[in-house]
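S.K.: Top line first, the protein sequences correspond to chains B and Y.
Remember, our numbering sits 179 above the position in the first sequence when you count from 1.
Remember, our numbering sits 4 above the position in the second sequence when you count from 1.
Keep in mind that the hints were calculated from the coordinates and are not lab data.
Beta carbons: idealized from backbone N, C-alpha and C, even for Gly.
Do not take every clue at face value.
[Unchecked claim] Where chain B lies over chain Y, by a calculated footprint (3+ residues, C-beta under 8 Å):
| hint | region |
| --- | --- |
| 1 | 218-228 |
| 2 | 408-418 |
[Stated by the list, open to error] Sample of chain B residues lacking proximity to chain Y, with all beta carbon distances greater than 12 Å (derived):
| hint | residue |
| --- | --- |
| 3 | Tyr-182 |
| 4 | Ala-342 |
| 5 | Ala-427 |
[Unchecked claim] If you want a taste of the chain Y side facing chain B, the calculated C-beta under 10 Å gives, among others:
| hint | residue |
| --- | --- |
| 6 | Arg-151 |
| 7 | Ala-153 |
| 8 | Asp-389 |
| 9 | Glu-422 |
| 10 | Gln-559 |
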Amino acid sequence: MKYVMSRLLYAILVLWIVGTILFFMFRLMPGSPLAAFIDQTTTLEQQQALIARFGLDKSLFQQYTIFLQNALQGDLGQSFFHRRPVTEVVMEALPNTVILTLSGLVVAYIFGVLAGAYLAWRRGSTVEGIGIPLALATRAAPEFWLGMVMLAFFSFYLGWFPAGGANSVGLEYDSEWTRIFSVDYLHHLTLPVLTLAIYLQGLPLLLMRSNMIEILQEEFITMSKMKGLGSRTIVLNHAARNAMLPVATAFALGIGSAIGGNVVVETIFSWPGIGRLLVNAVSASDYPLAQGAFMIITAVLVAMNFVADMTYHLLDPRIRHAASN
Amino acid sequence: MSTTRRQFLGTSASAALIASLAGVPKAALAQSVSPVRALTLYSRAQAANPQQYQAAELIAQAWGDLGLDVTVSGLPQNQLSDVVWYNRDSWDVSMWQMVGRPERSDPDDFVSNLFHSANIESGYNFVGYSNPEYDRVAEAQRLVVDRDARQALIYEAQDIVNADQPYVFLVYPTKSYAYNTAVFDDTTLVNQPGLGIKNFLSFIAVEPKGDQKDLIMNVSNELNAINPYYISGAGDSWMTELIWDRIMRIDADGLPTPWAAESVTWNDEGTLATIVIRDDLSFHDGMPVRVEDMIFSLESPQRAGVAPMYKPFVDPIVAMEKLDDRTFTVELAQPNAAFETSTLSKVNIVPEHIWAPLLDALVEGETAESVLEDSRVGSGPFKFDRWNQSEVVLSAIPDHFAAAKVDRVIMRVVLNVEASLGMLRSGELNFLTDYTGDPQLLKDAADADDSIAVVDVTDIGFQFLGFNCRRAPFDDPAVRRALSFAINRRLIAGAAYNGFGRPANSHVSPALPFWYNAATEELPVGIDVATAMLEDAGYSIVDGQLHYPAGMTEQY
Numbered sequence: 180m181k182y183v184m185s186r187l188l189y190a191i192l193v194l195w196i197v198g199t200i201l202f203f204m205f206r207l208m209p210g211s212p213l214a215a216f217i218d219q220t221t222t223l224e225q226q227q228a229l230i231a232r233f234g235l236d237k238s239l240f241q242q243y244t245i246f247l248q249n250a251l252q253g254d255l256g257q258s259f260f261h262r263r264p265v266t267e268v269v270m271e272a273l274p275n276t277v278i279l280t281l282s283g284l285v286v287a288y289i290f291g292v293l294a295g296a297y298l299a300w301r302r303g304s305t306v307e308g309i310g311i312p313l314a315l316a317t318r319a320a321p322e323f324w325l326g327m328v329m330l331a332f333f334s335f336y337l338g339w340f341p342a343g344g345a346n347s348v349g350l351e352y353d354s355e356w357t358r359i360f361s362v363d364y365l366h367h368l369t370l371p372v373l374t375l376a377i378y379l380q381g382l383p384l385l386l387m388r389s390n391m392i393e394i395l396q397e398e399f400i401t402m403s404k405m406k407g408l409g410s411r412t413i414v415l416n417h418a419a420r421n422a423m424l425p426v427a428t429a430f431a432l433g434i435g436s437a438i439g440g441n442v443v444v445e446t447i448f449s450w451p452g453i454g455r456l457l458v459n460a461v462s463a464s465d466y467p468l469a470q471g472a473f474m475i476i477t478a479v480l481v482a483m484n485f486v487a488d489m490t491y492h493l494l495d496p497r498i499r500h501a502a503s504n
Numbered sequence: 005m006s007t008t009r010r011q012f013l014g015t016s017a018s019a020a021l022i023a024s025l026a027g028v029p030k031a032a033l034a035q036s037v038s039p040v041r042a043l044t045l046y047s048r049a050q051a052a053n054p055q056q057y058q059a060a061e062l063i064a065q066a067w068g069d070l071g072l073d074v075t076v077s078g079l080p081q082n083q084l085s086d087v088v089w090y091n092r093d094s095w096d097v098s099m100w101q102m103v104g105r106p107e108r109s110d111p112d113d114f115v116s117n118l119f120h121s122a123n124i125e126s127g128y129n130f131v132g133y134s135n136p137e138y139d140r141v142a143e144a145q146r147l148v149v150d151r152d153a154r155q156a157l158i159y160e161a162q163d164i165v166n167a168d169q170p171y172v173f174l175v176y177p178t179k180s181y182a183y184n185t186a187v188f189d190d191t192t193l194v195n196q197p198g199l200g201i202k203n204f205l206s207f208i209a210v211e212p213k214g215d216q217k218d219l220i221m222n223v224s225n226e227l228n229a230i231n232p233y234y235i236s237g238a239g240d241s242w243m244t245e246l247i248w249d250r251i252m253r254i255d256a257d258g259l260p261t262p263w264a265a266e267s268v269t270w271n272d273e274g275t276l277a278t279i280v281i282r283d284d285l286s287f288h289d290g291m292p293v294r295v296e297d298m299i300f301s302l303e304s305p306q307r308a309g310v311a312p313m314y315k316p317f318v319d320p321i322v323a324m325e326k327l328d329d330r331t332f333t334v335e336l337a338q339p340n341a342a343f344e345t346s347t348l349s350k351v352n353i354v355p356e357h358i359w360a361p362l363l364d365a366l367v368e369g370e371t372a373e374s375v376l377e378d379s380r381v382g383s384g385p386f387k388f389d390r391w392n393q394s395e396v397v398l399s400a401i402p403d404h405f406a407a408a409k410v411d412r413v414i415m416r417v418v419l420n421v422e423a424s425l426g427m428l429r430s431g432e433l434n435f436l437t438d439y440t441g442d443p444q445l446l447k448d449a450a451d452a453d454d455s456i457a458v459v460d461v462t463d464i465g466f467q468f469l470g471f472n473c474r475r476a477p478f479d480d481p482a483v484r485r486a487l488s489f490a491i492n493r494r495l496i497a498g499a500a501y502n503g504f505g506r507p508a509n510s511h512v513s514p515a516l517p518f519w520y521n522a523a524t525e526e527l528p529v530g531i532d533v534a535t536a537m538l539e540d541a542g543y544s545i546v547d548g549q550l551h552y553p554a555g556m557t558e559q560y
């Protein structure tokens, strides 16, 4: 319990620090926030009135205090650009981003874990000779390039998948749930998910492989072989289970970092998610929205870190003992 | 016998040569003249507008030959606005653009607003150009109702600007639009001067050939608002003009014609319009469009702070009066030749029963621009269905007096330019309305695919470089002329705009042939010409650096 509390306090501290940095960072950026809100015919008096209305005439410290008070109540302010509450704008885009990220990660990690385990088992073979450079090359390829290649081949050349958006043109759904669980949504999701998965699979694959190689040297594997167990049982039931611990941590952390990294994929595939909001908010000096989107990404990352800590704590008795001592 | 400055400078140059041979440092000779500071030429960021950025690079290079040290600085749009538009005293030279809009089919908007000295502080005249003679001509053209007489004044305005060069006009861009010929009957598209096939008239006239009854177009930026009192960008203005009717519309010939009005007639003085509205108009919520709604639509932007964007267009109105259920009058303080185009064809007819309570509830500092009115009820040929991060959907009103032939207009937000081209080929789009990529790629796609047709049009708008006329040496028309003539516009059109632009030297585009003064095309070009002009004005290039005339210094 003490361990859980300390991790929770740590998570809150991180959120507060990030929130503070974000608050000051956006206010030190060049470009007036009003540039996004007013047009070029607005008079100077109207600009002053707007400055007052958004509290931009108050001191930076006063603005910071108000920001903290509101953030604690879940109020991230009003978007300058969309002219709606930030939470509302972000929450509209969040499901699309979460679905894209989770699907991409799950595909990447399932493939990475299986391929990593396989490549470790087949160490020194031709398959490994081809597999490792291929995994490294796709991991190193720029995301936008990967996305454009996927678009050019699967969408424009083969015509299998749509080139952008989350749903077909003009389709209307009764609810957000029916939209997300429709075949059409899945059809649109495939290419962005594949791009993200290809981009992300390198880490779990290499991590799994190196862990496996290490574990395959351990005595209990020799023991299993001596017991006459089959290769599949040894790899999957004994070696892979042990090798997966660090991969599980990487997965949890990957969720947070992948949400931030979706900016590129979302732009290429015109995917209506947080990444797109973020790019737009930063270029339009929409402080509240940019702050809000970054805060949500941070919150997800911190939450996933917390989950990873907890999972590790449960899975690995050594950590549990160290914490209790 | 008088000695010209050039002869004098020639003499001093000879003296410098002799002196340098005699071992006297050049700097000592240049003591009496001070150099022009290093300049920053602002532009949109290279990634956002590669053409504009490249044009800026070419200009910086050409000016380098005249002894100017120019650094190009690319900024995102909002930062550029902040530096140039909102802090008008602090910059020297900046790339900028004016875009074409239907109401700009009349030259008044550009002729009156861009260079009139009344707009220096906060209006469109951000370069701070001031010339009483220009002000006189710009005001006079508004008052002249006779088209030929007005043409002469518009020509004169262009001549003055040509002589003073407050802008270096670069190109009138060629805009390319493409559509799917298998989906639409191409004979039904309307090609409007300066606007091309993407215009209101096309959207209502275009006939689908087969089962696909949706017009699916694209926009490459996120939408900010869909609000009848606010134009926040190109995409939303295409939507507002379909949802909300106007009293007049710009016709295929570029001239205003009655639309929601049956007739608009003027008294002999040109100061009182009598407007009879159609009797078959209703809002999308079923309420009839009344004379009161029309008056409200023209009156509400006049109120302080309600709709800053529309206020200049309704300011000429001094009084309005309802005569009967279908007739009202609009009185102007003085004749206004552009009123039909820039006001009656621009202001959206909004339902008073929806907007009056909203405008009354505005608090200090708030404008109608920030009001979120979700129903978006208008009386236009399309009604608003929905808008999300991916698309805006409008559906046709079958009993509108100008009912569209398509069922819906759907505008997809496609941020990736290359993807939008691919989507046109795959059928996900059938009307490419916002293409900012390489025009040659579009041409190639059309060549490879029989069902894609491309239509090019010279824009009413233009790309230019603005001099800050408040700051030396740009307060001197001779310097502006010299720097302008040093730039090879053909090179810019060819190299920066890949040939998809027409060299420019006027704020009235050749897309408006009646108003365009072709004489402005005859301008001298070249570094030699520019150098001679600078020397004539007393400037000198010493050690490869441009210097002010003797006795002139700068305070920057």
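S.K.: Now, for every hint given, state plainly whether the structure supports it.
M.R.: Each hint, compared with the structure:
no.	hint	in the structure
1	218-228	holds (count 4)
2	408-418	holds (count 5)
3	Tyr-182	holds (41 Å)
4	Ala-342	violated (5 Å)
5	Ala-427	holds (33 Å)
6	Arg-151	violated (28 Å)
7	Ala-153	violated (30 Å)
8	Asp-389	holds (8 Å)
9	Glu-422	holds (7 Å)
10	Gln-559	violated (25 Å)
Checked against the numbered hints given earlier, the structure breaks hints 4, 6, 7 and 10 and satisfies all the rest.
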